[in-house]
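Enquirer: Going down the list, the protein sequences come from chains B and Z. Per this note's numbering, the very first residue in the first sequence carries number 1; after that it's consecutive. Per this note's numbering, the very first residue in the second sequence carries number 1001; after that it's consecutive.
These are calculated hints, taken from the structure and not from any lab test. Heads up, some of the hints might be wrong.
These stretches of chain Z come out as covered by chain B in the derived footprint (C-beta under 8 Å, 3 or more residues) [as the list claims (entries may be wrong)]:
id: 1; region: 1101-1110
id: 2; region: 1115-1125
Result set (BS3-like, lysine-lysine): computed pairs, CA atoms no more than 30 Å apart in a straight line [stated by the list, open to error]:
id: 3; chain 1: B; residue 1: Lys566; chain 2: Z; residue 2: Lys1096
id: 4; chain 1: B; residue 1: Lys426; chain 2: Z; residue 2: Lys1096
id: 5; chain 1: B; residue 1: Lys441; chain 2: Z; residue 2: Lys1109
Built from N, CA and C at the ideal position, the CB exists for glycine as well.
Listed here are the chains, written in short residue letters.
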Amino acid sequence: MNEQPIWLSKILPPPSDNILSGADIDKGYKNFSRGLRFILTGLVFVPLLFISILSYDQVRELLQTEELDQLVLHLEQATSAIEKFVSELQSVIKFVAPDGRYQELRDPKKLESLFVRLQSEYPGFADIEVIDNKGMQESYFGPYQLKEHNYSDQTWYKEVLLNGVYISSVFSGFRNFPHFVIAVSRKLPQQQGNWVLRVTIDGQTLQDFVDTISTTYADDIFLVDLNCFAQTTPQKYGKIGEKCLLPDLADKTDKRLKEKILERKKSFQKAAVMRILQKSFHGQQIIYAVVPLSNTPWQVVLVKEQYLYADSWREFKIRLTTIFLTCILTAIYVILGISNAITDHLRESDKKREQFLIEAEQPNKLASIGRLAAGVAHEINNPLAVINQKTGLVQDFLEMSDDFTHKKLIEETLDGIQNNVGRCKKITHRLLGFARQAEVKTEEIDINDIVREVVDFLAKEASYNQIKIDFDLDEHVSTIVSDRGQLQQILINITNNAIDAIGSNGQVTLSSRQVDQDNIQIRITDDGPGIPPEVQQRIFDPFFTTKETGKGTGLGLSIVYGLIKKLGGNINVISEVGTGTAFEITLPVKQSEQQ
Amino acid sequence: MTNAKLLIIDDEVEFASTLCQRLQLRGFDATDMHSGGEGLAILSTIEPEIVILDLKMPDMSGLDVLEEIKNHNQSIEVIILTGHGSAESGIEAMEKGAFDYLMKPVDLKELLEKINSADEKRNKA
């Protein structure tokens, strides 16, 4: 076997070199099973976890990018729409006040008629006034009593003279409602300076427009001035005219997000001046972008709650978790099954191998004991023969002698010696029979014939003891190719044992039957006392006997076992104490090559 | 009871001589020799009618001795004594012309019966 790496041997312990007790073996299998489960789970879990994390990250990245794209796109649209709207307002005012219209519009009536026409188009126009080149109000039309107001010192007036146009932040002022101002300066003839047309517009106009462009995409869209005061009403992030509630609106943009936008949105001209931030607002992650509107004091703010709260992200997370858990549970179920199956298989084959080893050991044991026994028996036979003859000779002489003191006693003693020589002879002959390694001489045999022959041979002895021998032979059993002499020896041995076991008054039945195409079976059943289980275990061991000393060598069934194995067969004992015993001999119909 | 002329060939000296003595006590003209060679050498001198032969001897095997005996005189009956305890060698000997075989240690009564039968067979022939 190849050396396995240390880490693997720690998880999957290799079989121990020592002989283990039952509990330790069981522990070994449990450890093996646990190790196997651990490795298999790791093999499934690690890649699955890796893939899950990867897809989680990928989807998040995708959603983030998509969100950013959307944000910028909407911002782009909103910006251009508002800019267009404001520039339209400017254009209208510029259009109605060409340079030479000063004289005409100084007339309040004319101004009124202009204003009425304008208001019919733009209902948000609140009032209108004309200012002369000194900064003094020349004429006014509107709901307020604003007469002869001097604007010459005010910043906006200086600015409008400088830039030609001025747009104010939204403020309430004395008009008491949010409004803003658009003023345009126009030239007077002959270098007399500039006159100014100033229109006050209701803040609601701006609000309405912003409302029309707000989409479901954005969670909030509103305008702020350069100091971050809200110019239109935000839905969540402050009140009009008050400082915007969004944190750090003036902060520098998130560099990472900005780079991403610059990379992807090259077409968006304002990408460079846009600020984009990702912050937490009242515990919620939001992303918002701020971009200044050209030629106005305003900036557009577009707020979006992050993807984290969107359905698609939530759905994705649920699906990912479900798939992950399902995979893990399925894998664990399968792994448990597999590791148990492998361990069971291993345990089963180990058990079989062990059994096989025990079985394989038996013939070996018999063979080596047999060789030893044969050597001993042969060596003893010769001196035994000498004792036998010498004793015989003494007996001969004794017979020829006249009566003398102790003659009878000596005769009895010599008989005793002869009897014991006879016992030794029996033992050595059996030992030699046990050791016999004769070649199997095969011929075609009708097993029923052999059974009958054996019974003929034993019937007389049996009948002395009132033991009846019966047959239950299958006349159609196939003939087998086997060794006649050895089969006889086997059957005589077992039948003799049966007769001995019964003692007297009983019945022995010999039956034959076909097991399958390749095997036949002979069964020898007696109604003797039966064999207890502990004896059954050792019944084929050499020298194991339950007969009283001197009556048996303990070799009979060992020899039978060896012979049957040599013939390629099998022997089985079925016995119950008090009921009887059956020996089942299974024999092959044909001898295989090996035998 | 016969009184056939017997020759015992067995390398176990004590066995052979004791058996010989016992047979002589029973009226047989018995001689004992203690190796295959000696046994064969004395054949022509004593011309035995029945030979009692051990199968396993150091100088030559009982089967070879048997063959020589049969070559010398086909009518001599040979009873084999074997210490092997296995029937095979005895059967082989019978195939080579032995009258019968007995396993050691042998019962004299049994041996006498065999001798008688062998003699009867000889007389019939």
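Enquirer: If you check each hint against the structure, which ones fail?
Expert: 2 and 5
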